[in-house]
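The listed protein sequences derive, respectively, from chains R and A. My numbering puts the first residue of the first sequence at 1, with every later residue one more than the last. My numbering puts the first residue of the second sequence at 291, with every later residue one more than the last.
Simulated from the structure, these hints should not be mistaken for lab results. Remember, it's a predicted structure, so these values are computed and weren't measured experimentally.
Quick list of simulated restraints, FRET-style, between CB atoms:
| hint | chain 1 | residue 1 | chain 2 | residue 2 | range |
| --- | --- | --- | --- | --- | --- |
| 1 | R | Ala30 | A | Pro436 | 43 to 49 angstroms |
| 2 | R | Lys145 | A | Arg513 | 42 to 48 angstroms |
| 3 | R | Glu87 | A | Thr597 | 54 to 60 angstroms |
27 angstroms max Cα-Cα, derived DSSO-like pairs, lysine-lysine:
| hint | chain 1 | residue 1 | chain 2 | residue 2 |
| --- | --- | --- | --- | --- |
| 4 | R | Lys242 | A | Lys479 |
| 5 | A | Lys630 | A | Lys671 |
| 6 | R | Lys244 | A | Lys503 |
| 7 | A | Lys479 | R | Lys109 |
| 8 | A | Lys534 | R | Lys19 |
| 9 | A | Lys463 | A | Lys503 |
| 10 | R | Lys244 | A | Lys598 |
| 11 | A | Lys311 | A | Lys463 |
| 12 | A | Lys463 | A | Lys453 |
| 13 | A | Lys431 | A | Lys463 |
| 14 | R | Lys244 | A | Lys479 |
| 15 | A | Lys311 | A | Lys479 |
| 16 | R | Lys109 | R | Lys244 |
| 17 | R | Lys242 | A | Lys598 |
| 18 | R | Lys242 | A | Lys534 |
| 19 | A | Lys503 | A | Lys479 |
| 20 | A | Lys598 | A | Lys671 |
| 21 | A | Lys323 | A | Lys351 |
| 22 | A | Lys431 | R | Lys242 |
| 23 | A | Lys311 | A | Lys354 |
| 24 | A | Lys503 | R | Lys242 |
| 25 | A | Lys351 | A | Lys311 |
| 26 | A | Lys534 | R | Lys244 |
| 27 | A | Lys503 | A | Lys453 |
Residues from chain A that keep clear of chain R, each with C-beta distances beyond 10 angstroms, as calculated:
| hint | residue |
| --- | --- |
| 28 | Ala303 |
| 29 | Leu367 |
| 30 | Gly420 |
| 31 | Lys459 |
| 32 | Ser460 |
| 33 | Phe465 |
| 34 | Ala519 |
| 35 | Ala531 |
| 36 | Gln622 |
| 37 | Val631 |
| 38 | Gln650 |
| 39 | His651 |
| 40 | Asp655 |
Every residue, glycine too, gets a C-beta built ideally from N, C-alpha and C.
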Amino acid sequence: MSILINVETRVICQGFTGKQGSFHSEQAIAYGTQFVGGVTPGKGGQTHLERPVFDSVLEAVTETDANASMIYVPAPFAADAVIEAAEAGIEVIVCITEGIPVSEMIRVKAALRGKECVLIGPNCPGIITPEECKIGIMPGNIHQKGGVGIVSRSGTLTYEAVHQTTMHGLGQSTCVGIGGDPIQGLDFVDCLERFEADSQTQGIIMVGEIGGNAEERAAEFIQQGGVTKPVVAYIAGLTAPKGKRMGHAGAIISGGQGTAENKIAVLESAGVTVARSPADMGLRLKEILG
Amino acid sequence: MNIHEFQAKHLFASFQIPVSKGQVAYSVAEAEKVANTLGGDGWVVKAQVHSGGRGEAGGVKVVKNKAELDSVVNALLGQTLVTRQTGESGLPVRSVLIEEVCAIDREIYLSVLIDRENEGLVIIVSPEGGMDIESETGRAKLMQLPIDVVAGLRSHHLRALAKHLQLKKSQIKEFATLMTNILRLFQEKDLSLLEINPLVLTEEQHFLALDAKVVVDDNALYRQPDIVAFRDDSQEDQREAVAKECGLNYIALDGEIGCMVNGAGLAMATMDLIQLYGGRPANFLDVGGTATVERVSKAFNLILSDTKVKAILVNIFGGIVRCDVIAEGIVQAISEVDVKVPVIVRLEGTNAEQGKNILQHASVDVIAADTLAGAAEQSVKIAQEGK
Numbered sequence: 001m002s003i004l005i006n007v008e009t010r011v012i013c014q015g016f017t018g019k020q021g022s023f024h025s026e027q028a029i030a031y032g033t034q035f036v037g038g039v040t041p042g043k044g045g046q047t048h049l050e051r052p053v054f055d056s057v058l059e060a061v062t063e064t065d066a067n068a069s070m071i072y073v074p075a076p077f078a079a080d081a082v083i084e085a086a087e088a089g090i091e092v093i094v095c096i097t098e099g100i101p102v103s104e105m106i107r108v109k110a111a112l113r114g115k116e117c118v119l120i121g122p123n124c125p126g127i128i129t130p131e132e133c134k135i136g137i138m139p140g141n142i143h144q145k146g147g148v149g150i151v152s153r154s155g156t157l158t159y160e161a162v163h164q165t166t167m168h169g170l171g172q173s174t175c176v177g178i179g180g181d182p183i184q185g186l187d188f189v190d191c192l193e194r195f196e197a198d199s200q201t202q203g204i205i206m207v208g209e210i211g212g213n214a215e216e217r218a219a220e221f222i223q224q225g226g227v228t229k230p231v232v233a234y235i236a237g238l239t240a241p242k243g244k245r246m247g248h249a250g251a252i253i254s255g256g257q258g259t260a261e262n263k264i265a266v267l268e269s270a271g272v273t274v275a276r277s278p279a280d281m282g283l284r285l286k287e288i289l290g
Numbered sequence: 291m292n293i294h295e296f297q298a299k300h301l302f303a304s305f306q307i308p309v310s311k312g313q314v315a316y317s318v319a320e321a322e323k324v325a326n327t328l329g330g331d332g333w334v335v336k337a338q339v340h341s342g343g344r345g346e347a348g349g350v351k352v353v354k355n356k357a358e359l360d361s362v363v364n365a366l367l368g369q370t371l372v373t374r375q376t377g378e379s380g381l382p383v384r385s386v387l388i389e390e391v392c393a394i395d396r397e398i399y400l401s402v403l404i405d406r407e408n409e410g411l412v413i414i415v416s417p418e419g420g421m422d423i424e425s426e427t428g429r430a431k432l433m434q435l436p437i438d439v440v441a442g443l444r445s446h447h448l449r450a451l452a453k454h455l456q457l458k459k460s461q462i463k464e465f466a467t468l469m470t471n472i473l474r475l476f477q478e479k480d481l482s483l484l485e486i487n488p489l490v491l492t493e494e495q496h497f498l499a500l501d502a503k504v505v506v507d508d509n510a511l512y513r514q515p516d517i518v519a520f521r522d523d524s525q526e527d528q529r530e531a532v533a534k535e536c537g538l539n540y541i542a543l544d545g546e547i548g549c550m551v552n553g554a555g556l557a558m559a560t561m562d563l564i565q566l567y568g569g570r571p572a573n574f575l576d577v578g579g580t581a582t583v584e585r586v587s588k589a590f591n592l593i594l595s596d597t598k599v600k601a602i603l604v605n606i607f608g609g610i611v612r613c614d615v616i617a618e619g620i621v622q623a624i625s626e627v628d629v630k631v632p633v634i635v636r637l638e639g640t641n642a643e644q645g646k647n648i649l650q651h652a653s654v655d656v657i658a659a660d661t662l663a664g665a666a667e668q669s670v671k672i673a674q675e676g677k
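Taking the hints into account, I'd like the entire structure generated from these sequences.
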């Protein structure tokens, strides 16, 4: 089944004619994604990559019936792009952009309350349902259709989990990069819930890191019976020094909160198998699934 | 981004948040001038460094006359202040803030932070401000009040804060104005943290920020040019500052195995893996999505500027970036930079096989590792042999 996106999802790109937008739209099309057009304000009416360009998301949705959008818009304008997509009725909004001010994201989340849409990101690699739909910057060719649901705050570390599960013959149902920012759309719990309800997903890999309490909330959710399928987690940042922002805006241990040790401890208490090495995520899950 | 206390107080003043009277000085002569302007017969001298705990470290002193002022300022300027937050290397004192002494009735603690969990702001207050705030008893007196950005700061929030702070009825109006201005500053200047410890009530029963700590959201600097002008690179680790200029994300650590990785999560994981095999990472370095020869060379230079480095582990998972292109870049960089320590490279992803081939046949000495675990294990062994 997969979660959130599949072969029927109709995708547009905001920032369509820009360098990043163009490149990744091309990649999405090559992967077989149902890519129906894009938005670049001021260039409506043009054609790009053999698809229509629109001035606004609303016009794009009206004309193409698009229900998902990938956003490759620079940080100063990305929050606006997310809100525009939500107001236009896009159901799955994938914001790749890194560097959006936290105050803007707080406003975005407030604006999205009560709307029927889902935000993934920002500062994320995107989401992919192998062999059906790719919305993001991940390399499609390392993925394989299968039974592992992957949810991760990271980019390239996610690809390690994908690579390992492909090598072990497990494959992936859907891989969601929730991103590295402190205020974001879907979190671990949102994805775990969906993986639990998805018939194709047999096991889950959760890739976390220092900062915030998303992993702790996931542990609580699992503890309360929210997930019965096997979960393997890996938490990056055991060696990260306190108080330093480790690349991702959200990857910071502040006031003693958000340490990798604590996340590992609460996850293990909840029955999650925590891989001690990033090279063993796939192996740990294979051992459980057989 | 951090700013100095005197800069934070400038900001406070521009938002009508009362601060102690004073001015920054960069020399003894300037300090004397400030003291003259302030008048009186006693001043507070505060070392301006991006760190808390300055008082305990001897960075805050009350002086009773000009002679003492000169002596204290002279002792502080140009020195390195080591506080419980700076680590042993400390921070250079380039300036001091000279302020008038205030007659204080009460000390309160107040801070405003981004609340990740509730996706809004949180106001934290305590009726007993000062140094003890971090002790267990101190923490027990803290009250946290989440503020939703749509609802904003409301009267009932102010009543709750005032009650916890044990304010008198006559102080509430001024407190309300103060809180409104603080939140306005927080939102308009894209702060991620604002801390006033202590926020005092003077003997005349007026609020005054005796100290001011402000951190600005790095992601918002593009729209806060006046804050960018406050930047003080002397307060940063010099290698980290240089890295930032090159567009590299670098954090110095204590170990002997240098790391170069694409992606922050993978970079942290690589550091952790090194530790798992008994080694210690020398740094965090996210080389990002474009591994050109120039970038890789700059990264090698940065890693090697740390003389403790005995081996370098390069871990690249190529997505859009092709491993053969990266391999060529690494080989060229190694020869250009004349890297003298062993370099272990692990490539995976797009064109990984071609990349490995290039490394194996390269004229420079580079070890092509087959797996992530193998690469880490090898790096640790090689670094140990190199000792």
